[in-house]
Amino acid sequence: MQPIVTNALTKKFGSFTATNAITFEVKQGEIFGFLGANGAGKTTAMRMLCGLLRPTSGEARVAGYDVYTQADKVKKNIGYMSQRFSLYEDLKVKENIRFYGGIYGLSNGAIREKTRQLLQKLEMEAEADLLVSALPLGWKQKLAFSVAILHNPSIVFLDEPTGGVDPITRRQFWDLIYEAASRGVTVFVTTHYMDEAEYCDRVSIMVDGRIQALDTPRQLKAQFGADSMDDVFLKLARGK
Amino acid sequence: MRQFFVFARKEFYHIFRDKRTLLILFGMPVVQIILFGFAITNEIKNADIAVLDQSKDYYSTRLVQKLTAGGYFRIDRRLQSHRAIEDAFREGRIKMAVVIPPQFGQSFFHLNRAQVQLLADAGDPNTATTLINYATAIIGSYQQELNGQTQLPLTIATTVTMQYNAALKSVFLFVPGVMTLILLLVSAMMTSITIAREKELGTMEILLVSPLPPPLIVVGKVVPYIMLSFINALVILALGVFLFGMPIRGSMVLLLLECVLFVLTSLSLGILISTVTDKQQTAMMASMMGLLMPTTLLSGFIFPIESMPLPLQWLSNIMPAKWFIIILKDVMLKGAGLETVWFQTLVLCGMTLLFVVMSIRNFKIRLS
Numbered sequence: 001m002q003p004i005v006t007n008a009l010t011k012k013f014g015s016f017t018a019t020n021a022i023t024f025e026v027k028q029g030e031i032f033g034f035l036g037a038n039g040a041g042k043t044t045a046m047r048m049l050c051g052l053l054r055p056t057s058g059e060a061r062v063a064g065y066d067v068y069t070q071a072d073k074v075k076k077n078i079g080y081m082s083q084r085f086s087l088y089e090d091l092k093v094k095e096n097i098r099f100y101g102g103i104y105g106l107s108n109g110a111i112r113e114k115t116r117q118l119l120q121k122l123e124m125e126a127e128a129d130l131l132v133s134a135l136p137l138g139w140k141q142k143l144a145f146s147v148a149i150l151h152n153p154s155i156v157f158l159d160e161p162t163g164g165v166d167p168i169t170r171r172q173f174w175d176l177i178y179e180a181a182s183r184g185v186t187v188f189v190t191t192h193y194m195d196e197a198e199y200c201d202r203v204s205i206m207v208d209g210r211i212q213a214l215d216t217p218r219q220l221k222a223q224f225g226a227d228s229m230d231d232v233f234l235k236l237a238r239g240k
Numbered sequence: 001m002r003q004f005f006v007f008a009r010k011e012f013y014h015i016f017r018d019k020r021t022l023l024i025l026f027g028m029p030v031v032q033i034i035l036f037g038f039a040i041t042n043e044i045k046n047a048d049i050a051v052l053d054q055s056k057d058y059y060s061t062r063l064v065q066k067l068t069a070g071g072y073f074r075i076d077r078r079l080q081s082h083r084a085i086e087d088a089f090r091e092g093r094i095k096m097a098v099v100i101p102p103q104f105g106q107s108f109f110h111l112n113r114a115q116v117q118l119l120a121d122a123g124d125p126n127t128a129t130t131l132i133n134y135a136t137a138i139i140g141s142y143q144q145e146l147n148g149q150t151q152l153p154l155t156i157a158t159t160v161t162m163q164y165n166a167a168l169k170s171v172f173l174f175v176p177g178v179m180t181l182i183l184l185l186v187s188a189m190m191t192s193i194t195i196a197r198e199k200e201l202g203t204m205e206i207l208l209v210s211p212l213p214p215p216l217i218v219v220g221k222v223v224p225y226i227m228l229s230f231i232n233a234l235v236i237l238a239l240g241v242f243l244f245g246m247p248i249r250g251s252m253v254l255l256l257l258e259c260v261l262f263v264l265t266s267l268s269l270g271i272l273i274s275t276v277t278d279k280q281q282t283a284m285m286a287s288m289m290g291l292l293m294p295t296t297l298l299s300g301f302i303f304p305i306e307s308m309p310l311p312l313q314w315l316s317n318i319m320p321a322k323w324f325i326i327i328l329k330d331v332m333l334k335g336a337g338l339e340t341v342w343f344q345t346l347v348l349c350g351m352t353l354l355f356v357v358m359s360i361r362n363f364k365i366r367l368s
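Residue numbers (our numbering), protein chains in the order written: chain A, 1 to 240; chain B, 1 to 368.
Don't take each hint at face value.
[Stated by the list, open to error] Which chain B residues face chain A? A few, computed with CB under 7 Å, are given here: (1) TYR13; (2) ARG62; (3) SER210.
[Said to hold, decoys possible] Each computed DSS-like pair below joins lysine-lysine, with the alpha-carbon atoms no more than 30 Å apart: (4) A/LYS140 with B/LYS279; (5) B/LYS19 with A/LYS92; (6) A/LYS94 with B/LYS19; (7) A/LYS76 with B/LYS279; (8) B/LYS56 with B/LYS66; (9) A/LYS114 with A/LYS235; (10) B/LYS199 with A/LYS114; (11) B/LYS199 with A/LYS92; (12) A/LYS76 with A/LYS12; (13) A/LYS76 with B/LYS199.
Derived by calculation from the structure, the hints in this document are not laboratory data.
Beta carbons: idealized from backbone N, C-alpha and C, even for Gly.
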């Protein structure tokens, strides 16, 4: 069973079709980039896959569970990090970890152990008792990602996770993503930074609610005769 | 279950780390009670008056003494002429002037008729009326005293008793009213703000994606506030009783239970407000405008409901505060039990249920 399978997944808001019959599959351990301009329907699609939004029609199975009837099971088996972060600014680093660990059902012992490992890996041991608001943006993002996969989900959804930081910091964030993917976690990431598209195994590009392209970055560049994903995107968007 | 504790603990962190919230939660009630209790009184105490005593005989002096004996009036100045009266008022220090014409005692005993003139500053009509009434009553009792044992044939003697509040202490009106207002405002406003804040910060999305059942999110948000509001209620009660001498003539247990009920009603109202607002500011505004203003005006707190036009009387029935004030006054002042306030209690229960049901319906589980 593939981690994510959709078939003609559609979401309409009144007469406006945000997501128009998208069909695709994501493989286990893949880093799948979900690209598109603002308003193309990326966030809507992701919300449906997370069990946050009920589709208007079509099918979708995440981690083997149906998003219509088994949304609660979907939620238990995925991780999520939103563009507006996931961490409470007025809670300490440790408190945030303890909160999310508890919510996802980890035992106290497991939380303690994972906290130790996490802080060590991120080199944030000294900041464990700091309020999250005191951390620099890049650190918050890395911490949020680590918290999102704290409960070892098989899939993690990232909604524009690297907004507002410099390219080097973004690169460091992607190192974390690579590391998770190498452990078999499937990563579904939306972004409108086209250079980040190069980091993905496969990329889909949404335009006006439809998937206009879906392939590896290399194949896409060849297909559209472009040097970079930026160009691919411009050609696609212009051609509509 | 464990999820609930984890969640509630987070909520407590939020509350105690937000100075603004703490101020509203604990500072406001105390300040309000003290303000209302001490500063705003309807009764007269140490009202400054001016006296023009043109008789200066034994009887007029006695009259003036009687006026000041009760602590209601205080002589600011003694005037020497009629002209001085106008000036005294204009200066603004006196609210009433008492004029006793010459030969007061003689007129009373020999002509069977003496006159006293009372002039009041009616710029504040209510105070003026009260002052005149007090003074008239005192003069009346002095007249009785002078008349001695003389009994008029076939009279109707009216005995007036002010039930439950013999001294007509305005505090007895204000404490229940302020308590209601504070509980309503704090509970409703706080709850609506906390939920709106999650939405505004985006962390609501995360909570909804997590395995937390949405009802638990709401409950987890509300329970800390129930506890804190209840503490608030106790503080206000204590202030009312020990600082202002409010009696609790009814059952303490009943009183506390009714407080819990009202806190629940207010909290569910707060949740309802939060389901239709996305921003903290909006939530706060809605709570203030939609709750504070109408409640103050229509709940019977300051203005009696019975004196309002009929449509407004009907409108006042949808204010939870109106019903709770009745319960508070009945239990505290009249010592009423559940058999007297059962109807009001039922109304509050019904309202709570209604708000909760509406909130659940509105609660957008799937963000759209």
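So, going through the hints one by one against the coordinates:
| no. | hint | result |
| --- | --- | --- |
| 1 | TYR13 | holds (6 Å) |
| 2 | ARG62 | violated (69 Å) |
| 3 | SER210 | holds (5 Å) |
| 4 | A/LYS140 with B/LYS279 | holds (23 Å) |
| 5 | B/LYS19 with A/LYS92 | holds (17 Å) |
| 6 | A/LYS94 with B/LYS19 | holds (22 Å) |
| 7 | A/LYS76 with B/LYS279 | holds (29 Å) |
| 8 | B/LYS56 with B/LYS66 | holds (15 Å) |
| 9 | A/LYS114 with A/LYS235 | violated (45 Å) |
| 10 | B/LYS199 with A/LYS114 | holds (29 Å) |
| 11 | B/LYS199 with A/LYS92 | holds (20 Å) |
| 12 | A/LYS76 with A/LYS12 | holds (26 Å) |
| 13 | A/LYS76 with B/LYS199 | holds (21 Å) |
Checked against the numbered hints given earlier, the structure breaks hints 2 and 9 and satisfies all the rest.
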